[in-house]
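Novice: Each chain, letter by letter, is given below.
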Amino acid sequence: MQYHTPGSFDDAATIAAKAEGVTRFLAGGTDVLVQLRADMVTPDVLIDIKHIDGVSDIAREDGGWRIGVAVTGAEMTEHPELDKEWPGVVEAMDLIGSTQIQGRATLVGNLCNGSPAADSVPAMIAAGASVSVVGPDGSRTIKVEDVPTGPGRTSLEKGEVVSAVHLPARGDNGGDAYLRFIPRTEMDIAVVGCGVNLRLDGDRVAEARVSLGAVAPTVLLVEEAAQAVIGTTLDAAALEALSAAASAACKPINDKRGTIEFRTHVAGVLAKRAAKIAYDRAGGAK
Amino acid sequence: MAPDGHGTNGFKVVGTRPNRPDGVDKVTGRAKFGADAAAPGMLHAAIVRSPHAHAKILKIDSAKAEAMKGVKAVVTRADFAEGLTGENWNILENVMASDTALYDGHAVAAVAASTPLAARDAAKLIEVEYELLPHVTDVDKAMGSGAPVIRTGAADKSVPEGMHPNVVRYHESGHGDVEKGFAEADLVLEDSFKTEATHQGYIEPHACLAQLGPDGKGEVWCCTQGHFNVQKVCAALVGTDASQLRVTPSEIGGGFGGKTVVFIEPVALALSRKANRPVKLVMSRSEVFRATGPTASTSMDIKIGMTRDGKITAAQGVFRLQGGAFPGAPMEFTAMCAFAPYALENVHQVGYDVMSNRPKQAAYRAPGSPMAAFAVESVVDQLCNELDLDPIEVRLKNASKEGTKASFGPKFDRIGLVETLEAAKAHPHHKAPLAEGQGRGISCGFWFNHGGETAVSLALSEDGTVSLSVGTPDIGGSRASMGQMAAEELGIPYEKIRTTVADTATLGYNEISHGSRVTYASGLATIQAARDTVQKLCARAAAKWGIDEDAVVWEDGCAKPSGPNAGEFEPLPLARIARSMGRTGGPIVGHFEATPEGAGVSFATHIVDAEVDKETGQTKVVRYTVVQDAGKAIHPTYVEGQFQGGAAQGIGWALNEEYIYGEDGRLQNSLFLDYRIPVASDLPMIDTVIVEVPNPGHPYGVRGVGETSICPPLAAIANAVSNAAGVRLKELPMSPPRILAALAAQADG
Ligand SMILES: Cc1cc2nc3c(=O)[nH]c(=O)nc-3n(C[C@H](O)[C@H](O)[C@H](O)COP(=O)(O)OP(=O)(O)OC[C@H]3O[C@@H](n4cnc5c(N)ncnc54)[C@H](O)[C@@H]3O)c2cc1C
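Which chain is which? The protein sequence lines are A and B, in order. When the letters of the first sequence are read in order and numbered with the numbering used here, they come out as residues 33 to 318. When the letters of the second sequence are read in order and numbered with the numbering used here, they come out as residues 75 to 823.
Read the hints as simulated data drawn from the structure, not as lab findings. Keep in mind that the hints are not guaranteed to be accurate.
Each computed DSS-like pair below joins lysine-lysine, with the alpha-carbon atoms no more than 25 Å apart [as the list claims (entries may be wrong)]:
hint : chain 1 : residue 1 : chain 2 : residue 2
1    : B       : K306      : A       : K283
2    : A       : K288      : B       : K100
3    : A       : K308      : B       : K688
4    : A       : K308      : A       : K116
5    : B       : K268      : B       : K143
6    : B       : K385      : B       : K475
7    : A       : K308      : B       : K694
8    : B       : K377      : B       : K505
9    : B       : K198      : B       : K215
10   : B       : K385      : B       : K215
11   : B       : K505      : B       : K471
12   : B       : K475      : A       : K288
13   : B       : K385      : B       : K485
14   : B       : K306      : B       : K106
15   : B       : K130      : B       : K215
16   : B       : K471      : B       : K377
17   : B       : K505      : A       : K288
18   : A       : K288      : B       : K231
19   : A       : K175      : A       : K283
20   : B       : K306      : B       : K348
21   : B       : K268      : B       : K215
22   : B       : K348      : B       : K385
23   : B       : K133      : B       : K143
24   : A       : K288      : B       : K306
The structure displayed is predicted, hence computed values, not measured ones.
Whenever a hint applies, use it, and build me the whole structure from the sequences.
Specialist: Here it is as structure tokens:
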């Protein structure tokens, strides 16, 4: 196994482009090292990106935020302002693992590991987040919802490395929330996850984004669910329509973590509950 | 809290709560567990396991592995003893497959190499050719017509003719006439229940270091609940004399019955013999799940008749237990414990032991009993609901007492079931109001407890301190309670005694630490060894004073003349006698060996409140109270810990823990991520009440407490959840998808 510690994203991309065999970037390592120890994935080339300047910074950018690729869950939770603007994204990241995991795990690792059950991903998608990518042929920006393409797979090309996460400006009268269902109270993988982000005009929903995790091969952005609440005061009828639209979008599987019926039903329940929290956070009176 | 006997029976040390002797070692990391053993020149081993549920082993080719740098030995079944019969054959077949892999994870070969990584890589290079056979993992399917046969000829004579060959043992017991009893009832309910297999979930995986020379002399260091059993079984499996194999137990990171069984020690010994080097073998968590001994899974039918005023007129149960690819599922215990809390005129129970393509089941706290309680107590709860009767009153009305003919045959001696029910009734929990969405569940539970072969030795040091050697690994604080019992008898402070779990060369045979037997049997032996010591101490005093031995008594740690007629002498403290023992007759050592048979049975009553989220099926246990008869609590904190531990493990079993097999017969969830034991935040504070109805078979009245505590939880939680959800849950675990499915089925009518 080769281990590299490049000093820039261009170098990281060059090493990755030339690498032969199984290649992994090493952010927090809470997926990479666990998969290595469990004999699931043994990388031939490991590229540690934590030595690149600025990867641990959370910085203002166009009224929103730029979050470095090595920023940990704990650093996000402890940031004085981030949580006030994007509580849904922060709470989603904070749900990951334990105190120990929180000291290592990153948003980008969670995204690029490609799990449909990744907790921070529905929250990022609902928030309208995007990522910058550096590759052998230059840089590009991708919406978070366009990164995962299937379980364990992403749209990143060989040699491409994510260099930052961008959260848009929060603006006025907005609120987001993330909820997941697990059978226990912690240390579990989402059976269903749901992120909701709303902007209000008075007490009416003006903009909405609803995202579901663990109910399809990739995390979903559910346009029909957003349409079900836009223009409403999130009254009972709107919540029922939201729930139905969320359930209708599910294409889950039966597995050891849950059944098709269960996931489909609970997706609707979580969408309602997360929407109510987001509505409250956006300042809606209920 | 009920009186726990602090000082009430004239005890000075028994009933107090001194510091645990292993505490500092454990919190500082100094304690040596199984994987901490090391020896010069040690090799590391890895086991090759079948990825198939059922497959013929056509060929094992280890040439590539043996050619690898650092590889020192490969073993297969050919490297173990031949011609074994009975249980030794079963154990060997489980430790290393012969011609057929019987379950996913079954060992087929093993390799020893200079590093753990080299061993792991070499194991991957061992090529095994399989021919797949049809498999079955569900108990009902395994005994149904057309099920693949695991092994022909495995059934014993108890099995009625015409049953599938996978049914290997049959049990029937009871008394009276159940049909007559059902006719006398105002309401008869009949229902079927299923429970999935669960794992003990001990935190320390199995680990050992073994050494076996060409001269047949060997050593094993391992984590086990019974090192004398490891000695006996390993000697048979590798073909050496038991006495040539010395086994030393390590500290143990949990066992709960799962470490009463031998899995890896014979493999390490066989590798060591071949490589002529010490070999260390440590299981991964996934190996622990796939290839050690989870519980049996069950399928049960219960029928109970009750009069309008709550009298049970008849009860009947059929219990089918799947115990993996070998005979031994504890179906007779399930059948015998099922109705034990009830004094019944008419009762009948049937048990089936069924083989399937799963790992050989092992004991898990009160093996077989918790499942029986789940089925029976669910039906009793339903009867109470339908007849509008109080569940504690109904249990009191039908409770087994001293003299009751037990559902499994004999008459009960002094027992404490009524006392636990009365204490539960008096507990504030019983009457506390429930919030919206919550339900309450009550259940009783029963376990036999056990005695077993026991040997203890107690040696004095010249400075007046004491070395107490016991042969039962400490799985629940027994070093503390043994020390307390010895201190009580000798009349010296608890701190002056060090209790050691001695190796197989030091003491006579000790049965495994199982059956809740240790505080009872090793405790009894400790008391007797201390009394033997006291007798020797008195003899030394008598010799010194020149009076008769029986004119000397032992009081407050001193030899004293028995009365004015014996003469006027200053009391001789233990330390004074010990100081001169070399000159007065030599070392003073007390000992005791026996197979005590007076282990008192034990009952418990649990009260649980659960809250169910009807939209997601999620359950939260909001309040839990354990009431149990301990006979006499030697160290109440440890007793409470056992009560709480049983409840905590029961909560996991009831709500989320299960073995999940895929269509391919492979275990789907062999990691703690998906085998969901409760985490700390899943549990409420578990309240405990120690009831003390002395066991006439123990000098201080001790009854074992380790197992009874896991008998009621499955039922108590199922009753709470069913009452909260408004629908009866009949299958464990009551995971959120199962609860939602039950609610949906009810809504569909
Ligand atoms: C005990 C435990 C509990 C967990 N609980 C949860 C949970 O509750 N919810 C949850 O969603 N996850 C959970 N996880 C999984 C894991 O912690 C998260 O997915 C975490 O966010 C991964 O981040 P990381 O920085 O550790 O990623 P790493 O392991 O470093 O990397 C993960 C993947 O991302 C790729 N990658 C990393 N950085 C980049 C980059 N800059 N550009 C391109 N690709 C990159 C790597 O190549 C690798 O494929 C848990 C893991 C453990 C061990």
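Novice: With reference to the structure, classify each hint as holding or not holding.
Specialist: Verification of the hints:
A C-alpha spacing of about 56 Å is found between B:K306 and A:K283, which places the hinted pair above 25 Å, so the restraint is violated. This hinted pair does not check out: A:K288 and B:K100 have alpha carbons roughly 35 Å apart, beyond 25 Å. In summary, the hint linking A:K308 to B:K688 is supported, as the alpha carbons are separated by about 18 Å, within the 25 Å threshold. Restraint check for A:K308 and A:K116: the C-alpha separation of about 17 Å stays at or below 25 Å, so the hint holds.
At roughly 50 Å between alpha-carbon atoms, B:K268 and B:K143 are farther apart than 25 Å, so this suggested pair is violated. The suggested pairing of B:K385 with B:K475 holds, with an alpha-carbon distance near 15 Å, which does not exceed 25 Å. Proximity of A:K308 to B:K694 is assessed by CA-CA distance (about 23 Å); at most 25 Å being required, the pair is judged to hold. Restraint check for B:K377 and B:K505: not satisfied, since their Cα atoms lie roughly 30 Å apart, outside the 25 Å limit.
Distance hint between B:K198 and B:K215 is unfulfilled; the C-alpha atoms sit about 34 Å from each other, more than 25 Å. For a cut-off of 25 Å, the pair hint linking B:K385 to B:K215 is broken: about 36 Å separates their Cα positions. At roughly 19 Å between alpha-carbon atoms, B:K505 and B:K471 fall within 25 Å of each other, so this suggested pair holds. About 45 Å separates the Cα atoms of B:K475 and A:K288, which puts this hinted pair outside 25 Å; it is violated.
Of the supplied pair hints, the one linking B:K385 and B:K485 holds, its CA atoms being roughly 20 Å apart against a limit of 25 Å. This hinted pair checks out: B:K306 and B:K106 have alpha carbons roughly 24 Å apart, not beyond 25 Å. Distance restraint check for B:K130 and B:K215: the Cα-Cα separation of roughly 21 Å lies within the 25 Å cut-off, and the hinted pair is therefore satisfied. At roughly 19 Å between alpha-carbon atoms, B:K471 and B:K377 fall within 25 Å of each other, so this suggested pair holds.
As the CA atoms of B:K505 and A:K288 are separated by approximately 39 Å, the hinted pair breaks the 25 Å bound. Distance hint between A:K288 and B:K231 is unfulfilled; the C-alpha atoms sit about 39 Å from each other, more than 25 Å. With a C-alpha separation of about 22 Å, the suggested pairing of A:K175 with A:K283 holds against the 25 Å cut-off. Restraint check for B:K306 and B:K348: satisfied, since their Cα atoms lie roughly 21 Å apart, inside the 25 Å limit.
A C-alpha spacing of about 13 Å is found between B:K268 and B:K215, which places the hinted pair at or below 25 Å, so the restraint holds. Restraint check for B:K348 and B:K385: the C-alpha separation of about 66 Å exceeds 25 Å, so the hint is violated. For the proposed pair B:K133 and B:K143, the alpha carbon gap of about 23 Å is at most 25 Å, so the pair holds. With a CA separation close to 40 Å, the supplied pair A:K288 and B:K306 exceeds the 25 Å bound.
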